[in-house]
Every structure is written in C-alpha cells, then in structure tokens.
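**Student:** Residues per chain, in single letters:
There are 2 protein chains.
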Amino acid sequence: MKMAIDAMGGDYAPEEIIKGAVTGARQNGVGVILVGPQDRIEQELAKYNHNSIDVSIVHTDEYLIEGEPAAYALRKKRNASILVAVKQVRDGKADAVLSMGPTGGVYSAALQVLGMVEGISRPMIGGPFLGYSPQSIIVDMGGNVDNRPDQLLDFAVVGTVYARKSLNILNPTVALLSNGKEEGKGNDVVKQAYDLFKKSGLNFVGNVEGSDLVAGSANVIVCDGFVGNCVVKFNEGLALKNMEWWRSKLAETMPLNKVDEIIEDYRQALYPPRSAGAGTLWGVNGVVCKNHGASRSQDIVATIEIAKRAVEMDLVNALKAELEVVRRRLNQTSLVNFTR
Amino acid sequence: MKMAIDAMGGDYAPEEIIKGAVTGARQNGVGVILVGPQDRIEQELAKYNHNSIDVSIVHTDEYLIEGEPAAYALRKKRNASILVAVKQVRDGKADAVLSMGPTGGVYSAALQVLGMVEGISRPMIGGPFLGYSPQSIIVDMGGNVDNRPDQLLDFAVVGTVYARKSLNILNPTVALLSNGKEEGKGNDVVKQAYDLFKKSGLNFVGNVEGSDLVAGSANVIVCDGFVGNCVVKFNEGLALKNMEWWRSKLAETMPLNKVDEIIEDYRQALYPPRSAGAGTLWGVNGVVCKNHGASRSQDIVATIEIAKRAVEMDLVNALKAELEVVRRRLNQTSLVNFTR
Numbered sequence: 001m002k003m004a005i006d007a008m009g010g011d012y013a014p015e016e017i018i019k020g021a022v023t024g025a026r027q028n029g030v031g032v033i034l035v036g037p038q039d040r041i042e043q044e045l046a047k048y049n050h051n052s053i054d055v056s057i058v059h060t061d062e063y064l065i066e067g068e069p070a071a072y073a074l075r076k077k078r079n080a081s082i083l084v085a086v087k088q089v090r091d092g093k094a095d096a097v098l099s100m101g102p103t104g105g106v107y108s109a110a111l112q113v114l115g116m117v118e119g120i121s122r123p124m125i126g127g128p129f130l131g132y133s134p135q136s137i138i139v140d141m142g143g144n145v146d147n148r149p150d151q152l153l154d155f156a157v158v159g160t161v162y163a164r165k166s167l168n169i170l171n172p173t174v175a176l177l178s179n180g181k182e183e184g185k186g187n188d189v190v191k192q193a194y195d196l197f198k199k200s201g202l203n204f205v206g207n208v209e210g211s212d213l214v215a216g217s218a219n220v221i222v223c224d225g226f227v228g229n230c231v232v233k234f235n236e237g238l239a240l241k242n243m244e245w246w247r248s249k250l251a252e253t254m255p256l257n258k259v260d261e262i263i264e265d266y267r268q269a270l271y272p273p274r275s276a277g278a279g280t281l282w283g284v285n286g287v288v289c290k291n292h293g294a295s296r297s298q299d300i301v302a303t304i305e306i307a308k309r310a311v312e313m314d315l316v317n318a319l320k321a322e323l324e325v326v327r328r329r330l331n332q333t334s335l336v337n338f339t340r
Numbered sequence: 001m002k003m004a005i006d007a008m009g010g011d012y013a014p015e016e017i018i019k020g021a022v023t024g025a026r027q028n029g030v031g032v033i034l035v036g037p038q039d040r041i042e043q044e045l046a047k048y049n050h051n052s053i054d055v056s057i058v059h060t061d062e063y064l065i066e067g068e069p070a071a072y073a074l075r076k077k078r079n080a081s082i083l084v085a086v087k088q089v090r091d092g093k094a095d096a097v098l099s100m101g102p103t104g105g106v107y108s109a110a111l112q113v114l115g116m117v118e119g120i121s122r123p124m125i126g127g128p129f130l131g132y133s134p135q136s137i138i139v140d141m142g143g144n145v146d147n148r149p150d151q152l153l154d155f156a157v158v159g160t161v162y163a164r165k166s167l168n169i170l171n172p173t174v175a176l177l178s179n180g181k182e183e184g185k186g187n188d189v190v191k192q193a194y195d196l197f198k199k200s201g202l203n204f205v206g207n208v209e210g211s212d213l214v215a216g217s218a219n220v221i222v223c224d225g226f227v228g229n230c231v232v233k234f235n236e237g238l239a240l241k242n243m244e245w246w247r248s249k250l251a252e253t254m255p256l257n258k259v260d261e262i263i264e265d266y267r268q269a270l271y272p273p274r275s276a277g278a279g280t281l282w283g284v285n286g287v288v289c290k291n292h293g294a295s296r297s298q299d300i301v302a303t304i305e306i307a308k309r310a311v312e313m314d315l316v317n318a319l320k321a322e323l324e325v326v327r328r329r330l331n332q333t334s335l336v337n338f339t340r
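Just so you know, the sequences run in chain order A and B. So the first sequence is numbered by my numbering: it starts at 1 and just counts up by one. So the second sequence is numbered by my numbering: it starts at 1 and just counts up by one.
One or more hints might be untrue.
Given that identical chains are not distinguished, each listed pair holds provided it fits within a single copy or across any two copies.
[Unchecked claim] Straight line, CA to CA, 20 Å or less: simulated SDA-like cross-link-like pairs of lysine to any residue: (1) K47 with K198; (2) K19 with T253; (3) K19 with P37; (4) K249 with R309; (5) K191 with G104; (6) K191 with P69; (7) K191 with D146; (8) K181 with P69; (9) K87 with Q112; (10) K165 with D91; (11) K199 with D61; (12) K241 with G131; (13) K258 with W245; (14) K241 with I263; (15) K249 with E261; (16) K77 with M116; (17) K249 with D260; (18) K47 with T23; (19) K241 with R267; (20) K181 with H292; (21) K181 with E66; (22) K2 with I169; (23) K191 with N49; (24) K249 with R267; (25) K320 with R75.
It should be emphasised that the hints constitute simulated quantities derived from the structure, not laboratory data. Here the structure is a predicted model, which is why all the values come from computation and not from measurement.
Required output: the full structure, derived from the provided sequences and hints.
**Tutor:** Now the structure itself:
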C-alpha cells in the first residue's frame, strides 16, 4: 500500500511532514510518495534513516500558500503539490492521499481530480469528535456551508455508511442537530430536511439539541458544516482549557507524576478513539485524508494510520454499494431525486 | 420595585415558581405580582411565611402548555398568564416581568404587548455563557434563527450596549462567529454581514472561530441564534458531563468533602458570574426575563436578582440612547437603513 503525501501542505511543511512520513511509513508498513520540491525533500530526508522503507519523490515547485483563495490558486498553479499528490491516486500510483494544507485546496483538488461518488454533490468531513460519545458521528464538521436540505440528506446517507462500516453499528440512528427537539424546531433548511429525512428510509429519530452531542443520542448527527465547524472548534478550545485548568488545580494537591497520569486519563475521556474515516473527505471517489494545518509529525503518523484503515476497509466501495441501495429505495418511492 | 411573575410558566409551575418568588422577593427587597389561577397560587403561598413581603395576585385561568405553538396559542388564550404578566409592565404596575414558560410564548407576548425598541426587529438573548471568558458576550443564543445580515448587526449593536453597561467595557470589540478567521470565510449571511460590520463604526475585529468563544477573543461575538443555541446547549451538556467525570475520578484519590470543594471551584470556573442582562430579552421595550423551563426555586431567585439589576441599570433606556448614537452615525454615512 502506498500513500501520496503533499510535502508542502501545513504550517510546519516540509520539515514535520517528512519527519512524520518516514515514521508513519515504518510504523504502518506502507510506502510513501512525497510530492514537492525535490531538493527540499531530499534535504529533509537526509536527516532520517529511511533505508528500510519505500520512499519516493515526485517533484513539483508549486504549492498553495495558507490564506490564498484555493480554487483560484489551483487554476494558476496547475502543478501545485496537492494537485500532483491527488493525481497519484487517480493514476493508480497511490492508494490514498494525505495533506495538511489549506482545506479549500484539498477539497478543490479532490473534487477536480477524483470527483465525487455518483449522487453526492460535495466532499464532507465527519466522524466521532467527543470521547464521551464515541458512537456518535457528526457530519459535516468540515466547514461545508450553506447546504440545501437534500445535501443534509447526503450527509445522513454517507454518515450512515461510515457508522455501519467503521463503528460496526448495524442500523445507525440518524438525527438532525437543531435548536430544539420537537418537530417544527429549526431554521428553514432543517425544517425542510426534517420532512425529507422522515421519508428517506434511514433510521431517522428526529431532532436533537447541542447537549445530545455529549449524550450521544444518535449515531449520526447531521448539521450544516458552518454549525459543525463552530461546535467542533469550540470543543477543541474548551478541551485544551479544561486540561490546563485541571492540571494547575491538581498540582496544588498531588505530585506531578500523579497529575500527568490523571490528565492523560481525562484526555482519553475527551477524545474519541481514532476511527477509520475520521479526517477523510467523505463522498470523494478515492481516499483523501486531511488533518489540521498545525499538524506536527505525530499527527502525520496518525493520519497515515487512518488512511491505511480507510483503504483496508474499502470505504469508498462500501459507500458506493450502500448508496446504490438507498437510491433504489428512494427512487422507487420517488421521494428524492439523487441525480441532481 | 415590583416584578410580575408568570406563576404558570415552567416545568415545575406553580410550586417552584411561587417558592422562588417568595424567597427572591425577600432576598432582593422587591415586591412580586403573581399571575395565574388565584386558588392554586393561594394554596402554594399558604406554605410560606410571606407577611413581611409585598405579594399580590392577578388572577387568570389560562396559560400556555409546553409544546403548543406559542404564537397560535396566544391568539386563542387572550388571558394567558404570560400575556397578563407582561401587561403589568406595560401598564406601569410592574418594573419587570419574569417567566420560565415556553421561549416562543415569552417572545411573542413581549413583542405583542411591549414591542421592540425602535429600529430593532426581534428580541434576542445574549450574555456571557462560559466562565473561562466572562468578558465575552455571545448573541443570539436564544434560538432566533434565519437572521439577515442587518439583524446580525442589530445583535452587534445591542451586544455592544450590554457589554458597555453590564460588563463596564468602554469600547467593546465585536466579532462574527465563523468557520474561519480570514475575511471571506463564512456562510452567505456572515459574508454579507462582514461588509456591513466593517462599515458600522462598531469596534469590529473580524471573524472569530469556535475556539475563540473559549479564549474570549472579542467582547461581543455575534451569531445566528441557531448556531448560538447549538453551541450553548453543547456547552451545558459538556459541563455537566465533565463535572460528573471529575467527581468520580477524584473520589478515587481523596475524601468526598475535598472532592466537593474542588468540584465547586470547577463549577465556578465553568460558569460566568451572573451579569445584568443575562436571560433578559434584549431589544424589547421593557425588562423581560426568561429562564429555562426546568427552573427550580433557586433559579427563580437568581432571575429576580438579574431582573432587579437590569431595572436598576436602566438597560432599556441605555440601549435606546446608544442606538440613537449608532443610528445617527450610520445615517450620516448612509450605510444602513435602520428604519426597515
């Protein structure tokens, strides 16, 4: 198995990316294709022993810069590292592609080069995000905004497939995140989606509220990416703050090694175990993994592991097969036109 | 000072409402007007010593039931307790009105009977919601959904007034909650609001992300009530879960009285100090306070204190005065039409 890695994507590229790629390749027993300027990559590679692992370089001088409008930049930079990396998957040279670069760039490159699974209109990012509710997937959390009701249904269908495949839940419950549990609560899009969900044949249990994300009241909780992004980032900020508060509080009453031990337990309670599909762009016709821009080498290692599991589970084909079933059911009853 | 209290609003009405009203009246040195069925109120009052406090009853047999469509129900029930209670303020018999009843009912009654301060289109609920960022107000958190860009600007103006008046911040910074800090990030409404905010003369510092709610990166953080409601309820659920986790964790290593002490410190870190205006319907032409449906007597006491401070600070007139200033500035430069 080979992973194409955008060596120039991320705040600490290429140094941390290449460090993580070497470690991740060794730990996971996979090959890596590093995409970026040959000289800079070789310079970094020279720092590590990589004799026993399968590393190759695909040269390109162009790459995206954080903050530039991604779609526009990709039209100018036809050899941007992210585009070249994604092409490795399209051309069968790699099984998955990884980038820590700008989200918009990864989205656009995936969409342009690999395209979407038929019937899905946009890439989405989802997964469990809270350790207290490890059996709850939130989708979309990638900042996929201004979704139509039928796109929220896409999220629900894809989320159902991932819950089944990566969390081993036979008949995942599906809910809409709203500002109240009762039918009739919600903004316009959620209200319209409610009707669509009811008729979808999915295991729809109605609306849930923000606190239900903590309780894990449904396996697949669907929301517009604007809301999902706000909640997920709020949670990230709060987790760090909580750990900081407790670390300093506990240090008043117990030895530091004991503090570290308890904080580590807390960290594990807050963050869900890594599941296949977390951080992958769902709905894309290939395995594309994205981690945050501030990723360090250990994050690259983790992302390689996630990508490996997504490839092993054959998530893309599982999604296609499931969509076929849902689509057939929906077409029979003429409820949704999936062929937009 | 007198508070009109909807004795029939809330999951534990009228028992807990009346218990709280009696205690709150005594503690805060205010009078209370209890609105609801005379016999039921008298029956509850009989349980408490209320000789030294100013309690009166305004009788009505009608009240709203949780779950019924509020606006529709209020058309049928012209003597609903919430309507009658709000009328006490309109008629100068009370200085503020309090209800733990359905949010929609309180909104509609306030809007119908008291109306909005000129230039504001909808009631909003805001305030500090996280102890880690006590100088940060989020508005709207009341579930005021599908807002236009100019309504988000209303939130910003009103939030600025409240931050100035209730948090004593001279020139509060204002930000838009978005799915990224950069200009250009956001859903359509946020992007349009961004331009409006830039030209508003407010102390606008741009977009902030979910984690900035924790960091308190701006004094007034503006969002659609759908997003605000999801984040605030997520935070509520998470706070309870965190306290539960830590309580059981600490109990493994220390005596229970020590555990209680630390958990109480944590609770105080998580929840902001009560500020004037928290839980009041902002923008309404009068002081209307709302607390959650599950409120117990101690919540009623707290709400009475908040209402008292809002009256003392003369928040409604402060808002009118500030709006006049902002409006004059905006009209001069013809940037926003406040007279929609």
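**Student:** How would you classify K77 and M116 at a CA-CA limit of 20 Å: within, between, both, or neither?
**Tutor:** Classified as neither; 22 Å inside a copy, 53 Å across copies.
**Student:** Can you tell me if K181 and P69 fall within 20 Å by alpha carbon in one copy, between copies, both or neither?
**Tutor:** between (38 Å within a copy, 14 Å between copies)
**Student:** Between the shortest in-copy and the shortest cross-copy C-alpha distance, which are at most 20 Å for K258 and W245: within, between, both, or neither?
**Tutor:** both (16 Å within a copy, 17 Å between copies)
**Student:** Go through the copies and call it for K191 and N49: within, between, both or neither, with a Cα cutoff of 20 Å.
**Tutor:** neither (57 Å within a copy, 48 Å between copies)
**Student:** Between copies, within a copy, both or neither: which fits K47 and T23 at Cα up to 20 Å?
**Tutor:** within (12 Å within a copy, 72 Å between copies)
**Student:** From the Cα coordinates, with 20 Å as the cut-off, is the pair K181 and E66 best called within, between, both, or neither?
**Tutor:** For K181 and E66, the Cα distance is within 20 Å only across copies (12 Å; inside one copy 39 Å).
**Student:** Is it within, between, both or neither when you check K165 against D91 at 20 Å Cα-Cα?
**Tutor:** neither (26 Å within a copy, 63 Å between copies)
**Student:** Which holds for K191 with D146 at a C-alpha limit of 20 Å: within a copy, between copies, both or neither?
**Tutor:** Answer is both; intra-copy 14 Å and inter-copy 12 Å each pass.
**Student:** What label fits K241 with R267 when the C-alpha limit is 20 Å: within, between, both, or neither?
**Tutor:** For K241 and R267, both the intra-copy (12 Å) and inter-copy (14 Å) Cα distances are at most 20 Å.
**Student:** Check K241 against G131 for me: Cα-Cα at most 20 Å, and say if that holds within a copy, between copies, both or neither.
**Tutor:** both (16 Å within a copy, 11 Å between copies)
**Student:** Treating 20 Å as the Cα threshold, decide for K87 and Q112: within, between, both or neither.
**Tutor:** within (10 Å within a copy, 61 Å between copies)
**Student:** Which holds for K47 with K198 at a C-alpha limit of 20 Å: within a copy, between copies, both or neither?
**Tutor:** Neither. Shortest intra-copy (57 Å) and inter-copy (48 Å) distances fail the 20 Å Cα cut-off.
Taken one by one, the earlier hints fail for this structure at numbers 1, 2, 4, 10, 11, 16, 22, 23 and 25, listed in ascending order.
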